[in-house]
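Q: Sequence:
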Amino acid sequence: MTQTAEVTEEEVYASFVQSAMTIMDPTGGARNIDYLSHMHKISKYKARKLVHALRDKGWVELKCFPNLCEDEFYPPYWAYALTQKGRDTDYYRQESEKHHQILQHCFGL
444 MTQTAEVTEE EVYASFVQSA MTIMDPTGGA RNIDYLSHMH KISKYKARKL
494 VHALRDKGWV ELKCFPNLCE DEFYPPYWAY ALTQKGRDTD YYRQESEKHH
544 QILQHCFGL
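In terms of my numbering, the sequence shown is residues 444 to 552.
Accuracy of the hints is not assured; some may be wrong.
[What the hints assert, rightly or not] Here are the simulated lysine-lysine pairs, DSS-like style, with alpha carbons at most 30 Å apart:
1. Lys484 x Lys500
2. Lys489 x Lys528
3. Lys484 x Lys541
4. Lys492 x Lys528
5. Lys487 x Lys500
6. Lys506 x Lys492
7. Lys528 x Lys506
[Stated by the list, open to error] For each label pair, taking beta carbons as the anchor points, the in silico distance ranges come out as:
8. Leu505 x Glu454: 18 to 26 Å
9. Glu452 x Cys512: 15 to 23 Å
10. Thr532 x His495: 36 to 44 Å
11. His548 x Tyr488: 38 to 46 Å
12. Met482 x Phe508: 31 to 39 Å
13. Gln537 x Met482: 19 to 27 Å
14. His481 x Cys507: 31 to 39 Å
15. Glu538 x Asp499: 33 to 41 Å
16. Asp514 x Phe550: 17 to 25 Å
Hints in this document: simulated from the structure, not taken from any laboratory.
Ideal placement from N, C-alpha and C gives every residue a C-beta, glycine not left out.
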């Protein structure tokens, strides 16, 4: 894996915010450490360190998302998701407003 420039907490937080805006995600934008390390091209250790810094601020929390399919068995999905405190930021409100404008323009929602 090639290392990119230094990734900051703000960039990881921004990826959580962008994931939370996804309409079709049943987890509400929850992401695990493997996904974040791959997405930001950083080591799993670095991704875990950045997520734990956000967790210590109270912006993300580890949650379990159970299998909702009755026909097949899937193990529960453990991932970090934004908390209410993580959604009460100026950045989240700005991105949410942009997202709602796009939805209104494209779909009339």
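Q: A separate judgement is required for each hint: does it hold in the structure or not?
A: Cross-check of the supplied hints:
1. At roughly 23 Å between alpha-carbon atoms, lysine 484 and lysine 500 fall within 30 Å of each other, so this suggested pair holds.
2. Between lysine 489 and lysine 528 the alpha-carbon distance is near 23 Å, which keeps this suggested pair within the 30 Å criterion.
3. Between lysine 484 and lysine 541 the alpha-carbon distance is near 27 Å, which keeps this suggested pair within the 30 Å criterion.
4. Only pairs whose Cα atoms come within 30 Å are accepted, and lysine 492 paired with lysine 528 is accepted, the gap being roughly 20 Å.
5. Taking the CA atoms of lysine 487 and lysine 500, the gap is about 20 Å. The hint holds against a cut of 30 Å.
6. The straight-line distance between the Cα atoms of lysine 506 and lysine 492 is roughly 17 Å, inside the 30 Å bound, and the hint therefore holds.
7. A distance of roughly 15 Å separates the Cα atoms of lysine 528 and lysine 506; the hinted pair therefore holds under the 30 Å criterion.
8. Between leucine 505 and glutamate 454 the CB atoms are about 20 Å apart, so this pair conforms to the stated range of 18 to 26 Å.
9. A hinted range of 15 to 23 Å is violated for the C-beta pair glutamate 452 and cysteine 512, which are about 35 Å apart.
10. At roughly 18 Å, the beta carbons of threonine 532 and histidine 495 sit outside the given window of 36 to 44 Å.
11. Range check, histidine 548 to tyrosine 488: Cβ separation about 41 Å, and the 38 to 46 Å hint holds.
12. For the pair methionine 482 and phenylalanine 508, the beta carbons lie near 19 Å from each other, so the given range of 31 to 39 Å is not met.
13. Taking 19 to 27 Å as the suggested C-beta distance range, the pair glutamine 537 and methionine 482 conforms, at roughly 21 Å.
14. The hinted window of 31 to 39 Å between histidine 481 and cysteine 507 is violated, with their beta carbons roughly 21 Å apart.
15. Checked against the hint of 33 to 41 Å, the C-beta distance between glutamate 538 and aspartate 499 comes to roughly 22 Å, which is inconsistent with it.
16. Taking 17 to 25 Å as the suggested C-beta distance range, the pair aspartate 514 and phenylalanine 550 does not conform, at roughly 31 Å.
Violation of the numbered hints given earlier is confined to hints 9, 10, 12, 14, 15 and 16; the remaining hints are satisfied by the structure.
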